[in-house]
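Number of protein chains: 2
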Amino acid sequence: MVQSHKLEKRRSSGASAKSTSAEYLRKLSLEDEDDWETSSDSATSSEEGNVSSGERRSPTRRESATSINSVEMLSNELLEREASQSFEAVPHSPVQNPPVRNPPVGLGGAGRTLAAAFQASEHIPYKRAEIPEPSLTPYDKNFCKALVSMLEKRKNYLYKIHTVFSDDSWDPKELEKSGQAGDYIEASPMSMTPFKVAAREDSDIDFGMENGVYIPLNEEHSIAVPVAAKVFFSDLHDLSSMMNSAPYATFAHRRLKLLQEKFSLYQMLNSEKEFLSIKALSHRDFYNVRKIDNHVHHSACMNQKHLLRFIKKRVREEGDKPVIMRDGKVLSLKEVFESLGLSPYDLNIDVLDMHAHNTKNTTFHRFDKFNQKFNPTGEARLREIFLKTNNYVKGKFLAGITKEVFDDLAASKYQMAEYRLSIYGKSKSEWAQLASWWYDNKLVSPNVVWMVQIPRLYAIYKKSGELDNFGEFISNIFEPLFEISKCPNKDPKLVAFLDNVVGFDIVDDESRHERKVHREMPTPEEWDVEKNPAYNYYLYYIYANLYVLNSFRQKRNMSQFSFRPHAGEAGDVDHLAGAFLVANSINHGINLKKNPALQYLYYLAQVGLAMSPLSNNCLFCEYSKNPFPTFFERGLNVTLSTDDPLLIHMTKEPLVEEYSIAMQVYKLSTADISEIARNSVMQSGFPKRLKRHWVGGSKMFENNPYQSNVPDVRIQFRKECLEAEHQMVYKYGMMPSE
Amino acid sequence: MVQSHKLEKRRSSGASAKSTSAEYLRKLSLEDEDDWETSSDSATSSEEGNVSSGERRSPTRRESATSINSVEMLSNELLEREASQSFEAVPHSPVQNPPVRNPPVGLGGAGRTLAAAFQASEHIPYKRAEIPEPSLTPYDKNFCKALVSMLEKRKNYLYKIHTVFSDDSWDPKELEKSGQAGDYIEASPMSMTPFKVAAREDSDIDFGMENGVYIPLNEEHSIAVPVAAKVFFSDLHDLSSMMNSAPYATFAHRRLKLLQEKFSLYQMLNSEKEFLSIKALSHRDFYNVRKIDNHVHHSACMNQKHLLRFIKKRVREEGDKPVIMRDGKVLSLKEVFESLGLSPYDLNIDVLDMHAHNTKNTTFHRFDKFNQKFNPTGEARLREIFLKTNNYVKGKFLAGITKEVFDDLAASKYQMAEYRLSIYGKSKSEWAQLASWWYDNKLVSPNVVWMVQIPRLYAIYKKSGELDNFGEFISNIFEPLFEISKCPNKDPKLVAFLDNVVGFDIVDDESRHERKVHREMPTPEEWDVEKNPAYNYYLYYIYANLYVLNSFRQKRNMSQFSFRPHAGEAGDVDHLAGAFLVANSINHGINLKKNPALQYLYYLAQVGLAMSPLSNNCLFCEYSKNPFPTFFERGLNVTLSTDDPLLIHMTKEPLVEEYSIAMQVYKLSTADISEIARNSVMQSGFPKRLKRHWVGGSKMFENNPYQSNVPDVRIQFRKECLEAEHQMVYKYGMMPSE
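Protein chains in written order, with full-length UniProt numbering: chain R, 1 to 738; chain V, 1 to 738.
If we strip away everything but chain R, and leave its shape as in the complex, we get (with noise of 0.2 Å):
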């Protein structure tokens, strides 16, 4: 049933799918994670001095796939001998070396010393170690076809993302220069005008929830529908219960620890070269390439002795004015702090009592001590004026202190971040509330794009009798969102701060115990019980209607969300397999150092994950034991990212901080950094054009190491190692069952 669907879906959804290796690596070559451009204009970024996905692919792989593409319309069976056979006949790609490319002139007029060394760098050859392939079981063979056939299923599962922003309205120098501190022109990365919102005509199209997922009720073909919730439930049940299969799990085993062998080779055999050429990059180093901050919950954003400061400050100044209600009194800053029996001079970091790690080990794997670190001091007042976006000063100090941490972000220059702000679904106005507050409060910082966080709360809220079934949560969540996309002059404000949301994030402690997902679970209006859902219910409910919002949005052309949940921070390892069917990428990932099947998936379709050691090292895994080192020499998709630096991080600068911890300890070089903070440019939702000034291109393989610090060698030889992959992955997960 599964497969029928699975091939039924493959016709309907279009070519997408005609799956060779060749193709496959095509198509994730002109994707990434959230990619922000139409199919149409991604022939421009082969004119911008990178080596475009055309150039990049040999002959013999193009005509290999054409052989593929002239069979097309063959049944499946013969499709699949077909291409068995054209497989035997292709030959391993042959070696390329990166491209040549002479300094930029102008460039700082490139003197000798770096001429000389860019000389160097070019005439040592790149060295690659000849590995042999493995001889494959039957076994491995079968496991060839599974992987295939989830990295088709994922495929099908993704909303491919359109741009709605224009390229060329307007140049990211400019943007960068508005963004210096103290000076407040008001420009976001998605506009120069983000509080100018254009009148829109309403649309007719009128939406309905049918088993807790919003679909056109007037309207059929227009709108694309996610997979359905039974098929999500079958195929995640089929992708565990291969993932846990113990055979699969050696193999898989052994091509990701072959991975991490060929990059220690490769780095015994070329660091010279890395390093020579990173010298040669005129005035570029690791302090000035762009780092993203994937993961971070605004309310969390600032350091601790900021909020200490910027409490103290608030006090002396505007200590008289009335902040708070409590039991019908409302009582001014300086009357709360006497009921705390508190003056601000007394207040001291361990009176905040904000640091994860400030008890020893006490929040390590006590994921709700780590939430009550939440509230300055443990009251839960303090927490409430300074820390959310709905109190009585309609969230004015929480703004007030995100604007000195962009005017830090501004100052640094290279330091961007994706700040994380929640939506519960309590109650349909949240939406309305959260966006005046951004909107009044002018809060956008040409470093910064924001992030819709949904906590997993649903189970507090029935209890509270705030919520009578799952299926209310869903649409006090959606039913605002698919409203203002029909009819935009309902809430001006809600439309502008939407186009600086760029994705969707779920959260809450993984580690708690859950009933697993079956195939026949009740649908959100059915779940009226106390319990709490299980995390893939919670996953599937806001992909679907996410992917019906999205496809809708794109018909309006409005901006679209990428979905980023966390996954794999703790508990069980099927969070981290339904992540792998919906999610564009994740947080965390930890858990997959406990699946090597699994973890070889997500280096095959190269899922982001924005990890944070630090973090982790409070909560589930000590730092020395992170599998970040162990993911990024593997070749997996990964980045650093800080979580909560309020309750984790000692200096001013986290992100930076986040890098010369791992630097240090797990011994990254120069180049192993830049290419994590590219990383982090890929993943983020920051649109296409800013991707290009940043590294040199938004697509997977795409790099200009004097902007990216990146040598070229390095992306090239990522590129062969997944090539080599998908080329044996393909060639044996094509053939017919012996």
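Take the hints with a grain of salt, since some may be wrong.
Each pair may be met inside one copy or between any two copies, as identical chains are not told apart.
[To be verified] Derived pair list, reagent style DSS-like, types lysine-lysine, alpha-carbon separation capped at 25 Å: (1) LYS442 / LYS313; (2) LYS667 / LYS305; (3) LYS313 / LYS173; (4) LYS305 / LYS173; (5) LYS413 / LYS312; (6) LYS305 / LYS413; (7) LYS160 / LYS334; (8) LYS173 / LYS312; (9) LYS667 / LYS593.
These aren't lab readings, by the way, just hints derived from the structure by calculation.
Start from chain R and add chain V according to the hints.
Below, chain V without anything else, positioned relative to chain R:
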């Protein structure tokens, strides 16, 4: 022979060595590593609301002490019996609780929350684990004897420093005010008017070198003389044979493990009490406790990005200034960059190429490569221009960037440093030159005191013909010092400089192979071979001359210098044995992990270790394998220091970065890092007055949590552990052999 010498020495060197554990401890707690006070004013500190050493001792113990004193005049053998007898009578000193102290009034009008935390912490009793004394084998008892004799030896070797600064001359607060960035009142921790030098009459004592050590020629009694070279080398021989005895090692290892167990038990039982009591410390947190960088080389004290910016700025602003002489031609800064084929714009961190971890592991176990990193862009000439005090521009640039570093320190307010400047021993003019560089550029900061480091490079100068024999090397270093101490009016600049120098250090690659020292070594005058003398040979002759110099300067009422060499970073463990005998404290000491017996001795004597895990991580010991956390738990007197920020650290606050990484990776609590910071104050050469202002005292167990952020209970625990060890060691160490 050794024995008899020891006794002879004991008598000669007065009462200091009547040894019982009580006695020893009283001494210990009266001394800090380099004590800035005259024994007379040791009483004063007890008025400071701190637990004075007097109050601290339990009656039983004091009585036991007197029972020893009463038999002072008896023969040694008798003394020992008496001692042991009286000791057998001594019960374990009854457990005391840390002193209850009320929160100082007026300190921000301590609020109810703090009061509550304070009450709570006071009500939680200090919980101790009762651990019975293990029974000792005869082996162990002999070991105790050996330990006692070595502890006694160390006491006889060390020169007790007497301060010359009247503590009431100025007010720390005033000093701090004068240090704020941008405001250039010239004040040093040593004096509010560091550049005013009062004229002093000359001394008529003449000094001459005899067997490599300066001794008074026309004066017999008033100048103390150090232990003779022969004796040192034979003591060293005894110490190494002792520390390499297997049964001793086992015993020491067990004791150290026990100390570690005690600490982790202590933490389990008292972390809540600690946490609450820290919380109760109005206004004080880790960010505003003083941290002193006890081990940092001045020419590498700036962050790398800082140096890069500084160089670019200089080229922009003073490009045409002549800066260096090459092959008889004077070059301007622009011309130098010309000759390097670089434009300032091109310059980047990777071209600068000074990060030790820049290329993966290339510096690991390669001290030579590490040293090369000191050359920006690998060009000796840039190092000469920007990082030398003695060059064509008279060290103007180095002075310039140093002042910028001073500003950063002043801005941070709570970070201090002891910067090392080099004296090479190539010529007698070095001191005058260095002093006038310091004096003319007015290089004082309230956050900085100076140290002098002597590279062990005799062999190189001998090869180059600059020196005939090692004696010259010694006299080049010390003759100018005796000279200026005799006739201060000859060079007021040098006098002023020496008033700001707190200690001597010896540096260089310890890992290079060397022949061990033996009892009969040639004298420095005889040492005219091209081979470099062994580490311990350098150690002794610097120590011995420093000893006489200090004694002379004390007589002259001039400041004296502590001896704090590099030791145990690499190479033979003997280096640490030598340092144990003659050094006030040391830098590094990671090799102590290779020798439990010696490590135990360092614990018993509480020798200070200024450790730099990040530096080790680049050179000799991976971060996760660094013994720092183990040493800390066992109660060794350890601090964190940066060594070479220019080569190692990423952020603008290298010392905070060092603390932050240790805190994260080694899972240190706030109490832990505050204790480490307190150790750094105690080990430093800053005046006693400041130490009292910063941590509430300058003696081993003095502490005021409101200043140091260290809970009294922590100090109490450390004290009890040390007492217990001394109790045992001296009990058996003083017993007659069976």
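Verification of the hints:
For the identical chains of this complex, LYS442 and LYS313 are intra-copy neighbours only, at 22 Å inside a copy versus 37 Å across copies, given an alpha-carbon limit of 25 Å. In the homo-oligomer, the alpha carbons of LYS667 and LYS305 lie at most 25 Å apart only across protomers (20 Å), although the nearest pairing inside one protomer, at 29 Å, exceeds that limit. When the C-alpha separation of LYS313 and LYS173 is checked against a cutoff of 25 Å, the pair qualifies only between copies, where the shortest distance is 23 Å, while the shortest distance within a copy is 35 Å. Only between protomers do LYS305 and LYS173 lie at most 25 Å apart by alpha-carbon distance; the minimum there is 23 Å, versus 32 Å within a single protomer.
Taking the closest pair of Cα atoms, LYS413 and LYS312 come within 25 Å of each other only across two copies (19 Å); inside a single copy the shortest separation is 28 Å, beyond that limit. In this assembly of identical chains, the alpha carbons of LYS305 and LYS413 lie at most 25 Å apart whether taken from the same copy (21 Å) or from different copies (15 Å). For the identical chains of this complex, LYS160 and LYS334 are neighbours neither inside a copy (52 Å) nor across copies (54 Å), given an alpha-carbon limit of 25 Å. Taking identical chains as interchangeable, the C-alpha atoms of LYS173 and LYS312 lie at most 25 Å apart only when they sit on different chains, with a minimum of 23 Å there against 37 Å within one chain.
Taking the closest pair of Cα atoms, LYS667 and LYS593 come within 25 Å of each other both inside a single copy (20 Å) and across two copies (23 Å).
The structure is inconsistent with hint 7 alone, although it conforms to all the rest.
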